[in-house]
Amino acid sequence: METSLVLQNLLSPPVLFFALGVIAVLVGSDLEIPAPLPKLFSLYLLLAIGFKGGVELLHSGLGPQVISTIAAAMLMSALVPLYSFLVLKRQLDTFNAAAIAATYGSISAVTFITAESFLGITGMPHDGFMVAALALMESPAIIVGLLLVKLAPGETKEDPREGIRWGSLLHEAFLNSSVLLLVGSLVIGGLVAAFSPSGLGKMEPFTGELFYGALSFFLLDMGIVAAQRVGDLRRAGAFLIGFAVLMPLFNAGIGLAVSWLLGLPQGDALLFMVLSASASYIAVPAAMRMTVPQASPSLYISTALGVTFPFNIVVGIPLYMAMVRLVIPAT
Amino acid sequence: METSLVLQNLLSPPVLFFALGVIAVLVGSDLEIPAPLPKLFSLYLLLAIGFKGGVELLHSGLGPQVISTIAAAMLMSALVPLYSFLVLKRQLDTFNAAAIAATYGSISAVTFITAESFLGITGMPHDGFMVAALALMESPAIIVGLLLVKLAPGETKEDPREGIRWGSLLHEAFLNSSVLLLVGSLVIGGLVAAFSPSGLGKMEPFTGELFYGALSFFLLDMGIVAAQRVGDLRRAGAFLIGFAVLMPLFNAGIGLAVSWLLGLPQGDALLFMVLSASASYIAVPAAMRMTVPQASPSLYISTALGVTFPFNIVVGIPLYMAMVRLVIPAT
Amino acid sequence: METSLVLQNLLSPPVLFFALGVIAVLVGSDLEIPAPLPKLFSLYLLLAIGFKGGVELLHSGLGPQVISTIAAAMLMSALVPLYSFLVLKRQLDTFNAAAIAATYGSISAVTFITAESFLGITGMPHDGFMVAALALMESPAIIVGLLLVKLAPGETKEDPREGIRWGSLLHEAFLNSSVLLLVGSLVIGGLVAAFSPSGLGKMEPFTGELFYGALSFFLLDMGIVAAQRVGDLRRAGAFLIGFAVLMPLFNAGIGLAVSWLLGLPQGDALLFMVLSASASYIAVPAAMRMTVPQASPSLYISTALGVTFPFNIVVGIPLYMAMVRLVIPAT
Amino acid sequence: MHRLDLICSERELERVVHLIDAAGAPGYSVVRHVTGRGPHGSVSESMEFSGLGANVHVIVFCQSEALESLRQGLRPILEYYGGVGFVSQAEPL
Amino acid sequence: MHRLDLICSERELERVVHLIDAAGAPGYSVVRHVTGRGPHGSVSESMEFSGLGANVHVIVFCQSEALESLRQGLRPILEYYGGVGFVSQAEPL
Amino acid sequence: MHRLDLICSERELERVVHLIDAAGAPGYSVVRHVTGRGPHGSVSESMEFSGLGANVHVIVFCQSEALESLRQGLRPILEYYGGVGFVSQAEPL
Ligand SMILES: Nc1ncnc2c1ncn2[C@@H]1O[C@H](COP(=O)(O)O)[C@@H](O)[C@H]1O
Ligand SMILES: Nc1ncnc2c1ncn2[C@@H]1O[C@H](COP(=O)(O)O)[C@@H](O)[C@H]1O
Ligand SMILES: Nc1ncnc2c1ncn2[C@@H]1O[C@H](COP(=O)(O)O)[C@@H](O)[C@H]1O
Ligand code: NA
Ligand code: NA
Ligand code: NA
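Residue numbers (numbering that gives the first Met the number 0), protein chains in the order written: chain Y, 0 to 330; chain W, 0 to 330; chain A, 0 to 330; chain V, 0 to 92; chain E, 0 to 92; chain Z, 0 to 92.
Pulled out of the complex, with its shape left as it was, chain Y reads as follows (with noise of 0.2 Å):
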């Protein structure tokens, strides 16, 4: 792996500000960047990368590689959540191990919006219908960590409102507002993009220019937020730690061979390694809360956010591009 590359990522702003937020809680600052306005960052984020990647779609097409590649990105996301429950169950109870292994099966659009700008840097292009992906690994995740839950023998406890679960829980995993917006931004960018190109030049400033400062911005509020963490950390011990580095690795390294075998550009497979690696800490901990609400948030939220976010924002992105070098040729 390269040390410019390395570099080039760790010396970027974005990664640059996640470091400062992080710095501002070890050193006991009073920085914070009040609700609501994490919020306005997070749903311009989604707004933005859907929209985009609904106009790249378009161009590119729904030819046979764009389906097989969203198809194993939504297998993926189910499957992730199987072996990571029997890893997890070794130390945690039926709960904690189904939420834990949901939210690793889903992805973290921050991260793989980080990589996107990271292929920007280097110069390496990739597939819009990526973003396809993203938005529809999700809802697998979500479900598969549910059934976890439901057919582990005896331990659920009666919901008072008994019978209704399984609605609300499909209800929450294809229609939670970050899948929402981020199909439905997709769907406008592909139809503007077909039927009003005119619209596309005028949202580019606000869409396209803005994008890198605002995600830079997000991720100074991402640092404190992840490092907030670090006590519960602490109280989660080192299997979950382990678990939080090593899962991804694992997970970087089926999706880097998935990519393999879809025959996936450079570009794309390194964002499906990250689709692969990354775990969710924004759909999926609030779908965890409404149906498993057994499972303890600090442990799910701090894995995934506390170790596995930045691991993969600081060292797994040029890790991740040094293996696709190594395996997938260049074009």
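Because the hints were derived from the structure by calculation, they are not lab data.
If a hint is listed, it holds; no wrong ones were tucked in.
Within a straight-line C-alpha distance of at most 27 Å, the following computed BS3-like cross-link-like pairs (lysine-lysine) qualify: (1) Y/Lys149 - Y/Lys88; (2) A/Lys88 - A/Lys149; (3) W/Lys38 - A/Lys38; (4) W/Lys38 - Y/Lys38; (5) W/Lys149 - W/Lys88; (6) Y/Lys38 - A/Lys38.
Across the chosen pairs, the derived CB separations fall in these ranges: (7) A/Gly60 - Y/Gly62: 51 to 57 Å; (8) E/Met0 - A/Arg89: 53 to 59 Å; (9) V/His39 - W/Val244: 25 to 31 Å; (10) W/Trp165 - Z/Gly40: 33 to 39 Å; (11) W/Tyr82 - V/Glu64: 53 to 59 Å; (12) V/His39 - W/Leu325: 43 to 49 Å; (13) W/Ile66 - V/His39: 39 to 45 Å; (14) A/Leu325 - W/Ile66: 42 to 48 Å; (15) A/Gly60 - Y/His58: 44 to 50 Å; (16) W/Arg233 - V/Glu64: 48 to 54 Å; (17) A/Arg89 - V/Glu64: 38 to 44 Å; (18) A/Arg233 - W/Ser167: 21 to 27 Å.
Yeah, the Cβ is synthetic: ideal placement off N, Cα and C, and Gly gets one too.
Could you slot chains W, A, V, E and Z with the ligands onto chain Y? The hints should help.
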């Protein structure tokens, strides 16, 4: 009305994001843009539209056509409540009839902005002084609205602060935050264009380039809020829903006739029609809440925001454009 | 002082939006920019000014003039509170005198930014290292402020957390959120410029192009907040109002003398004067609230924000520019 | 001492605060962005961008005299504009 | 009359509001963005961007009958999802 | 059980929370962005961008022992920095 025109409007980012907001509510998603983020966009849009209008107003100057157009717009905003009241009184009590009537005399800045963006896409020019008309159409409607209540015999409950009501009404009519921000930004735009033109280029990325994307984002919220009003509408009944569609059409017709009399070019005529046809959900509800607390906000907000606003955005603008092209010769 | 200079400043968007905010309060409008939106702009401005300063600091390097200028700025921020305290003690108790003194030793980032924008309009160059001076002028003032209280005999009430006060004071002085964000963004700007220059262009729309408009928007809020302080001012009395106008003038004079001794070019001299003349309403009030709760925030905030800030923005900057032109030769 | 909890539209806040000051209460606290439902329908934050505002929750700890005087001033406002006021007992810590 | 103070996750708000309406309470008020700590750990606003949400504080002034009916509906929710409910006395202003 | 309502500057919140934890109270809730007026003048949100902050409203439901211990710790803080604390009775739902 050419289908391409309708399609171009329907499939423009602002309208599509509005639709996404509506869909989010209809499918029961938890997508929300938490307060005060919508206020940020609402303040931004008023500031930007005012600033740009002021710059253009300076270039066009205050000739006789400008002044007569503005005067006609103000007259329109005083007359519309009068005949609307007569219609509404057939089914509603004085308070609600007056409040809704005032709402329809006033304007919707976002509808105006969407029409402007639509003009931009179709390449039809328009004049900056129309923003001045926009800014001056809220106050007359508010005043006429309260006059209608005051002059209706024997219906007013006693306000605990007797006497001071008129002062605070005029205050609310002329100095409410949206009128003040709009007029203030208009004046600032004119002053900067006249005396400090180097400031114009430096404002452009903020007030100009960002505008379209910010409008789209805001319309996502407007879609959510409008769709949440659907429940209220059912209670409001067919009479009010009919009113909320037919009155804008009628007002647009009057607006077209006035535009023709004034000799306005096509772009300005479209904007004049949109001003006439749109109903306020910004300044007027706040004023009515204060001066006619007996009226039910759910009625006047739901009709303006739940029916008339989407009708104008989706169907009205291209329809009025087609009418303009029939009646007003291209220049 | 040329009238065109005064006019260009008075009629620039930031100053005009500040005036609009003042007018909104004076006429009793309900225009407000609800929390935490002002915080968004305040964080953004610190981040952007730091980042741009860091980029420029890297290009100018850390030569002897840079270091001596920064040292002089820090000395200035320690000395100003000393003589300000002597003046203020004639009329105020130790607590209030010390808190106000600290306020005037520190700086106002927004005044600095407005001066920078003014330089941009007049086409006078300035160096990026002035941002480093800005960042380092808050801490000394805070420390001197508390020393003044501590050394004044017999006046301190016992803090319930005895002993830990000094630690938390130094912490507040060096690690408060605005110093940390400013210094952090400065370092990030330098690092990115040095090692990841392709990131600069991608940040530019956010930190560069948007800056002027965001500053104008924020000044609208500052105008509102400053005008709300007018009531407090009346209670503060003529002595404090006089202090809030004359002390900045005096400090600007000292700042000009120091700039001349340091051999600073015109643009940097203006910024040095503005740093000397401005008073803090960001980091210092929060620190004083914590360490000298006996002092009345309404006094130190009102003088800094209600008098000195508008004075500098409206009258001070062009006046200091005229003084610079008299004393410092153009290069 | 008494604790008064008042919930009304934030459009009435300024007037309510004047009454509290006039009644001689030693202080008050205000929580904005309160939503809810009462006899006049429900109030949400979704129209906040329009200037319509939501509700406020005002808390006043005061003695009987101030409470009496507040009662006189507040009742007509609550009756005309809507909102509720409730009184309970509370002792200083 | 009674005053009910309920603090729970905002993810449960919708269901709680349905119960309040069903119990026939004359109204309720909601304060969002409440943080805190309870037996199930602490809740902050720092994950608000993720849709996880913080707590809500719901206040209901009502008569005994509504309170009784609310008690039946709320207890299982508080037990299953966490949160606290407390009742005190309050008289209309 | 007791209900403690505490209103003070949010700059003191961290210390107050430490005291609550130390007193062994079973939990607490915090509402931020509270404004108001007290003997030390009025507090608004308008300086929020400066880091000065507004007030917080802290609610603690606890038993007498925890309350007693809290009282010892809180009184000096309220005296030094300002703020009010009031206690009333409340029963679990
Ligand atoms: N019984 C109640 N308990 C708690 N809050 C109430 C109650 N009734 C009304 N409110 C609050 O007071 C506001 C105004 O009520 P109203 O205008 O009388 O419908 C409502 O939106 C609620 O926030
Ligand atoms: N004793 C208490 N006093 C005040 N608030 C409490 C108390 N216990 C719990 N809470 C609030 O209820 C929320 C949910 O509690 P729980 O899920 O039971 O831990 C907490 O986050 C607190 O905001
Ligand atoms: N009598 C009171 N009733 C309700 N809140 C109060 C009262 N007195 C003070 N407060 C609140 O406590 C805060 C701090 O008060 P203080 O610093 O003592 O002036 C004020 O800003 C109010 O929010
Ligand atoms: Na994954
Ligand atoms: Na109209
Ligand atoms: Na200074």
